[in-house]
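One-letter residues, chain by chain:
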Amino acid sequence: MARGLQLKKIGKRFGDFWAVRNVTCRIFSGKITGFIGPNGAGKTTLFSVITGDLRPDTGNVLLDGEDITGLKPWAIARKGIGKLYQDVRIFKNLRVIDNVVVSLLSPKEESPFRALSNFYKLKSLWSQKAEEAMKWLEFVGLADDREKKALELSFGQQKLLSFARLMAAGFDILLLDEPTAGIHPKMIHKIEEILIKLVEEENKTIAIIEHNMSVIASLAYWVNFMTEGEITFSGRTDHVLGDENVRKIYMGIL
Amino acid sequence: MNYILHLLIMIGIYSILAYSLNLVIGFSGLFSLTHAAFYGIGAYSFTLLMMKLHFPFIAALIAAFLITGFLGFLLGLPALRFRGDSFVLVTLGFQMIIFTIMYNWVGLTRGPYGIPGIPRPVIFGWHVDSLLEYLILIGLLNAVICFLLFTIYNSPFGLALKSLREDEKAAEALGKPAYRYFLRSFSIGAAFAAIPGALYATYVTYIDPTSFSLDESMFQVVILLLGGSGNKRGPFLGVLIMTLLPEALRFLGLPDTIAPNVRQIIYGLILVFLMYFRPQGIAGEFAVK
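These protein sequences, in sequence, are chains A and H.
So the first sequence is numbered by our numbering: it starts at 1 and just counts up by one.
So the second sequence is numbered by our numbering: it starts at 1001 and just counts up by one.
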C-alpha cells in the first residue's frame, strides 16, 4: 500500500507576512502531485512545513491519518518522508559513494555501542552497503565517480547524487523541490523515467515543485496552483494546465 | 635514552587526547575548548579514587573513564543546543568554570598546592616503575584505545557524524538526529580524555590544576588544526609535530629567558599560516569553518 499525506489548513507566518495561508490539500498515495506557481508563492515553505524544517502556525499534517505536525525533521524522515532540496545539499567532503552509503544506514546500525560489540562484522557490513550504494550510483550514472569527493562533481551531477541519496534511503513519500532545475535536457528525460518507475513499480508517493511545465504535464496526476501562499486552483493536470487564468497568471509570465 | 623514552611517553599520552578530541572536532565538527577540563577531571577522579579510596589501577582507570564520560554528557546537554561560534564560547565557559572549581575546591583537590605522591601503577602484581615499563604500559593502553576509537571512527556512527558535520539539515532529513548523536560523540570524547589524564597523573606522580587550563585546551586544539582532523593520520601527525617541535627548538640554543616566548610566537605563526594556506591542516579531511 502506498502512503499519502493530507494537509489541513496549513498556515506559516514570517513576522506579519503569511508565506502560506490556509492550505488544505492531499498528496495522493501512489501518484505524483504537482505544485506550480510563481516564485514566492509558498511552495518551498509548504514542503518545509511537511518535513518539519518549519513549524506551522496553523493547521496539521497527517500521514495516513496520523498527525505528524511539529515532529522533529529526523523523526519525520524516519516515518518515511524524504525531501530533495532545491539547493542540493550533498555532503561535500565525503566521497560520492559515502554520500549514498550514509543514507542506507538504519538507526540501529548507527549505534556506537553496537559497532563496538560487533566490530568483527563491520567489514562485511560496509561491503554490503557499498554494493547496494553502487546500484544507486549506476542508476544515476555516477558509478565511475564513486571515489571522488562530492565537491568535485558539477552542479548537475551533485543533483543526481542527491537523487541517489534520497532513493537509497528508501522513503515512501518523496518531496522533490525543483528536481530538474539546472539539469541537462537529456538528463531531465531520465529523471522523468525514474519518477514514473518509482511510482508505478515501487509504489512511491511523490510531490513535486516544478517550473518546467512539460515535466508536470507528463508526470503529474493532480496539480495545485499556488499564488501568494494559497492554493488558488487545483485539479487533474489537464484541467489545471488548460485553465485560462492559470495560463494568464503563471505561464504568461514565464 | 631516558629523554627519548620520556618523549615517547608524552607522544603516547597526547595521541589518546588527540584521537578522543578528533571524534568531537574532526567527526562532529564541534569546535570544543573543554577537552583539557575533561583531561583534568579524568586525572583528578583517577587520583582521588586511587589515593583516597584505594582503588586498584585498572578499576580507578575505568571509573575515571565513566565519571568523565558522564560529566561530558551533563555538560553536553546544554552545550549542544548551540552550534558554531556560540558552541565555542559555551565550551570556553565550561573550561573556565571547571578550571576554577579544580583550583578553588581545596578540600577535594588541594587546589593550587596540587596532589603529590601519586603512586605508580601496579597491575596484577606488575609494578610499573621504570620509564621503559611505563612506555610499555602506555603502548598497550594506546593499542586498546586506538582499537576502540578507530572502530567508532569506522562505524556507521562515525559516518553519520560526518554527514551531520557536513550538512546538519540534510543529514537530519535522512533521519540522523543531530542532538542525540552529537551528545554521544561529545560524551565518548570526554570519557576517552580521562585515560590520558590518569596516565599523566601516575607518570608525573603530581597533578595541579595548571596542567588542565585553557592553555592546555588550546594546545590540544592546535594539535588537531595543525595535523588535520576527521581521519587517523592527522591527529597523530599533529601530536608528533607539537611534541617534537619544542625539543627541536631547544637545540637552537636560545637563552632560557626568551625560549618559551619564541615557542609561543612560533605556535601563533603556525596557526596564522595554516588558516591562509591549509585550513584543513596537514593531513586533514575538512576545514574547520
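Since the hints were derived computationally from the structure, they do not count as laboratory data.
Watch out, some of these pointers could steer you wrong.
[As the list claims (entries may be wrong)] Where chain A lies over chain H, by a calculated footprint (3+ residues, C-beta under 8 Å):
no. : stretch
1   : 1114–1123
2   : 1145–1152
3   : 1160–1168
[What the hints assert, rightly or not] Under the rule of at most 27 Å between Cα atoms (straight-line distance), these lysine-lysine pairs were calculated in the DSS-like manner:
no. : chain 1 : residue 1 : chain 2 : residue 2
4   : H       : K1052     : A       : K92
5   : A       : K9        : H       : K1232
6   : A       : K135      : A       : K149
7   : H       : K1052     : A       : K148
8   : A       : K31       : A       : K8
Where a beta carbon is used, it is the ideal one built from N, C-alpha and C, also for glycine.
- Assess, step by step, whether the Cα of A:K9 is no farther than 27 Å from the Cα of H:K1232, and give holds or violated. Distance of about 52 Å is beyond 27 Å: violated.
- Message: For H:K1052 and A:K92, compute the direct alpha-carbon distance and say whether it is at most 27 Å.
- Response: violated (51 Å)
- If you draw a straight line from the CA of A:K135 to the CA of A:K149, is it 27 Å or shorter? Holds, at about 19 Å.
- Query: For the stretch 1114–1123 of chain H, do three or more residues have a beta carbon lying closer than 8 Å to a beta carbon of chain A?
  - Reply: Since three or more residues must qualify, the claim that chain A covers the stretch 1114–1123 of chain H is violated, with 0 doing so at under 8 Å.
- Task: Verify the proposed pairing of H:K1052 with A:K148, using a straight-line Cα cut of 27 Å.
- Result: violated (55 Å)
- Within 27 Å, alpha carbon to alpha carbon, are A:K31 and A:K8? holds (19 Å)
- Task: Establish whether the coverage given for the stretch 1160–1168 of chain H by chain A is satisfied; the threshold is a Cβ-Cβ distance below 8 Å, and no fewer than three residues must meet it.
- Result: Answer holds; 5 residues pass the 8 Å Cβ test.
- Message: How does the stretch 1145–1152 of chain H fare against chain A when you require at least three residues with a CB closer than 8 Å, holds or violated?
- Response: That given contact holds, which follows from 3 residues of the stretch 1145–1152 of chain H lying within Cβ reach (below 8 Å) of chain A.
Of the hints listed earlier, those the structure fails to meet are numbers 1, 4, 5, 7, in rising order.
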